[in-house]
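Participant: Listed below, chain by chain, are the residues.
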Amino acid sequence: MINRDALVVKICLGMVGLALIGPPSVFAQPVQPAAAAAAAQDPAAAERARLRDDLDRLEAQLRAIKERLQALEPASAPVAAAASAAAAPVEFESRTGPISGYMDFHFNKPEKNDGVLDFHRFVLLFNHSFTDRLRFVGELELEHSLVEGLEEAGELELEQAYVDFLINPKFNLRGGMLLMPVGLINERHEPPSFYGVERPFVDTVIIPSTWFDLGAGAHGDLGKGLSYRAYVTAPLDASQFTADEGIREGRQKGVQSNVRDVAVTGRLEHRGPPGLVLGASFWRGKTGFATPRIHSDVGLFEFDGRYTRGRFEARGEFAKVFIDGAGELNDAVMRTIGVSPNIASQLRGFYLEGGYRIAPSTWTHDLGVFARYENFDTQYRMPAGYVPLAEFDREAWVTGVNYYPDPDVAVKFDYVFLKNRSGVIRAPNSFNVGLGWWF
Amino acid sequence: MTSIRPFFAQLIAAVAVVACVIVFASASAQDAPPKAAQDQEAPRKVVHVTAERFAFSPSEIVVDEGTLLEIQLRSDDTNHGFRIKGTSTNVVIPKRGRGAMSVTFDATTPGRYAFECSKMCGAGHAMMKGSIVVKPRQAAAQAQKEGAR
Chain A
1 MINRDALVVK ICLGMVGLAL IGPPSVFAQP VQPAAAAAAA QDPAAAERAR LRDDLDRLEA
61 QLRAIKERLQ ALEPASAPVA AAASAAAAPV EFESRTGPIS GYMDFHFNKP EKNDGVLDFH
121 RFVLLFNHSF TDRLRFVGEL ELEHSLVEGL EEAGELELEQ AYVDFLINPK FNLRGGMLLM
181 PVGLINERHE PPSFYGVERP FVDTVIIPST WFDLGAGAHG DLGKGLSYRA YVTAPLDASQ
241 FTADEGIREG RQKGVQSNVR DVAVTGRLEH RGPPGLVLGA SFWRGKTGFA TPRIHSDVGL
301 FEFDGRYTRG RFEARGEFAK VFIDGAGELN DAVMRTIGVS PNIASQLRGF YLEGGYRIAP
361 STWTHDLGVF ARYENFDTQY RMPAGYVPLA EFDREAWVTG VNYYPDPDVA VKFDYVFLKN
421 RSGVIRAPNS FNVGLGWWF
Chain B
1001 MTSIRPFFAQ LIAAVAVVAC VIVFASASAQ DAPPKAAQDQ EAPRKVVHVT AERFAFSPSE
1061 IVVDEGTLLE IQLRSDDTNH GFRIKGTSTN VVIPKRGRGA MSVTFDATTP GRYAFECSKM
1121 CGAGHAMMKG SIVVKPRQAA AQAQKEGAR
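Residue numbers (this note's numbering), protein chains in the order written: chain A, 1 to 439; chain B, 1001 to 1149.
In isolation and in its complexed conformation, chain A is listed as follows (with noise of 0.2 Å):
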């Protein structure tokens, strides 16, 4: 009798604890027919068994919800985790992101010369959401690291200060410092994402990176990988421009600049096969206001491409910059100087360069290398009656090699093979590298 009620706990509690590591469904279960043979002759050996085959059963679930579980998984790549979002409206909440920025120092060494070095840009952005449609974006810099008055030395920017209107996806407003929509370094100029030590000439003396000044316009995203900027911003200053920077020096920066005529620019972008962004720009403007009854247009239109497959990187970019009335504005220039600045009428630049990432994929650093391409005029057609300068018909191969430690982060190395079609004035070649991050 005591033998028989110790075996009746015994089995109740073999229930409970089977019950609590498993689905209640194992009590369902029909019992084995050979436990069946052994609890006509020994009940508590039956159990026993029984018990043994559910636990059995029991692992062979749990291994089979592993296996669906990992088989729910992408086998390609670690996915770092897991996150799902319902369409549950959730409150926002004004918040200030942590400031950002980017850094580069060079080394520069011009054949025949000094070598240099120099912390050439010292940049922060900040960004601030006043509401989720309401947000400001800012970005100082700071070139050369150190700005004295009346010397020429750095320059303390103020690139990007602009408060953006969200309306919807295709349409929404933007105004305030701006940078100009043009050519692909203006915009996507952080060091680690160009090869090469300095920027793509054609990107500084035809397309004059980093172009910035006030304005306002729209932007957003029609679909189908179709993208667009357009701006009302102040003008360039003819007085300004240059025979071998073209109308870099032209860029009014909003310092109290001249809006007696503005100008327009955009650009249309379209993301279509993976890989693959195709661009379009154009910047028009009167810019004669500092020479008065001088008229003088300046027009500017640029395509560009960028294709990524794998390692593989190629990009692209032809700009050409007409500048109407420059016969004049040269003209008007020696009047006030006394030297004629010798402004061309066109402009034209382009460049192609393909890079390749050679690290082994089982490298946690990266290791890129490149070579570019670059042909440059800033003396491309003279108004009448004056003469194109060889010195300023450039070309330029640039090869090289950028380590990336980290992917925010660039030890870069390149030669500059730079040559003109002046016989007399000649163009030195350059080593240098370069230590650029962001974060």
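Simulated from the structure, these hints should not be mistaken for laboratory data. Just so we're clear, the structure is a prediction, and the values are computed from it rather than from any experiment. Be a bit skeptical, because a hint or two may be false.
No farther apart than 30 Å at their CA atoms in a straight line, the calculated lysine-lysine pairs in the DSSO-like style are these [said to hold, decoys possible]:
#1 Lys1085/B / Lys109/A
#2 Lys224/A / Lys320/A
#3 Lys1095/B / Lys170/A
#4 Lys1045/B / Lys1119/B
#5 Lys1045/B / Lys1135/B
#6 Lys1085/B / Lys170/A
#7 Lys224/A / Lys1135/B
#8 Lys1085/B / Lys1119/B
#9 Lys419/A / Lys109/A
#10 Lys320/A / Lys419/A
#11 Lys1095/B / Lys1085/B
#12 Lys1095/B / Lys224/A
#13 Lys112/A / Lys419/A
#14 Lys253/A / Lys170/A
#15 Lys224/A / Lys1119/B
#16 Lys253/A / Lys1135/B
#17 Lys1135/B / Lys1085/B
#18 Lys320/A / Lys286/A
#19 Lys1095/B / Lys1119/B
#20 Lys1045/B / Lys1095/B
#21 Lys170/A / Lys112/A
#22 Lys253/A / Lys286/A
#23 Lys1085/B / Lys1045/B
#24 Lys1119/B / Lys1135/B
#25 Lys1085/B / Lys224/A
#26 Lys1135/B / Lys170/A
#27 Lys1045/B / Lys419/A
#28 Lys320/A / Lys253/A
#29 Lys224/A / Lys1045/B
Add chain B to chain A, keeping to what the hints say.
Facilitator: Relative to chain A, chain B alone:
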């Protein structure tokens, strides 16, 4: 002494049976899928999105109402954020070569859900936007019919 033992044994047995019933009932309630889900499992769609300065590609994802959308996010350069406005989804996409981030979106309600980069990624950070378009079931069926014709 011997009369007390059967009592305890029966008491323990009764408690054990009640415990089993409770565990069974609660587990059954958890295991049983909702009736609707049993009748018709939500279709699943996986979309791979690449983030780079300063765009998502593709920037527009179209799904039918009732779809369980899984978005696999990868970066071609730095860390980017991925935030779907009006939802609690806000994740950081790992840097290039550091893996992917997966987000699921239950497209239960037709409409346009905007997403954006929520981590400062450079001068053009504010341009990084896109949207998920959830088409009504009727419109999706109509589109399928037209496609079949």
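Participant: Does each hint fit the structure? Answer for all of them.
Facilitator: Against the structure, the hints come out as follows:
1. Lys1085/B / Lys109/A: Cα-Cα ~50 Å, so violated.
2. Lys224/A / Lys320/A: holds (28 Å)
3. Lys1095/B / Lys170/A: holds (28 Å)
4. Lys1045/B / Lys1119/B: With Cα atoms ~26 Å apart, Lys1045/B and Lys1119/B stay inside 30 Å; holds.
5. Lys1045/B / Lys1135/B: holds (14 Å)
6. Lys1085/B / Lys170/A: Holds, because 16 Å separates the two Cα atoms, which is no more than 30 Å.
7. Lys224/A / Lys1135/B: holds (16 Å)
8. Lys1085/B / Lys1119/B: holds (14 Å)
9. Lys419/A / Lys109/A: Status holds; Cα separation ~16 Å.
10. Lys320/A / Lys419/A: Satisfied, since the Cα-Cα distance of roughly 20 Å is no more than 30 Å.
11. Lys1095/B / Lys1085/B: holds (22 Å)
12. Lys1095/B / Lys224/A: holds (26 Å)
13. Lys112/A / Lys419/A: Judged against 30 Å, a Cα distance of about 15 Å means the pair holds.
14. Lys253/A / Lys170/A: Distance of about 29 Å is within 30 Å: holds.
15. Lys224/A / Lys1119/B: holds (24 Å)
16. Lys253/A / Lys1135/B: violated (46 Å)
17. Lys1135/B / Lys1085/B: Measuring from Cα to Cα gives roughly 18 Å; hence the hint holds.
18. Lys320/A / Lys286/A: holds (17 Å)
19. Lys1095/B / Lys1119/B: holds (12 Å)
20. Lys1045/B / Lys1095/B: holds (24 Å)
21. Lys170/A / Lys112/A: Judged against 30 Å, a Cα distance of about 54 Å means the pair is violated.
22. Lys253/A / Lys286/A: At roughly 16 Å apart (the allowed maximum being 30 Å), Lys286/A and Lys253/A satisfy the hint.
23. Lys1085/B / Lys1045/B: Within the cut-off at roughly 20 Å; holds.
24. Lys1119/B / Lys1135/B: holds (29 Å)
25. Lys1085/B / Lys224/A: Given pair Lys1085/B, Lys224/A holds - Cα atoms ~20 Å apart, limit 30 Å.
26. Lys1135/B / Lys170/A: holds (18 Å)
27. Lys1045/B / Lys419/A: violated (55 Å)
28. Lys320/A / Lys253/A: Since the Cα atoms of Lys320/A and Lys253/A sit roughly 22 Å apart, the hinted pair holds (cutoff 30 Å).
29. Lys224/A / Lys1045/B: This hinted pair holds, its Cα atoms lying about 19 Å apart.
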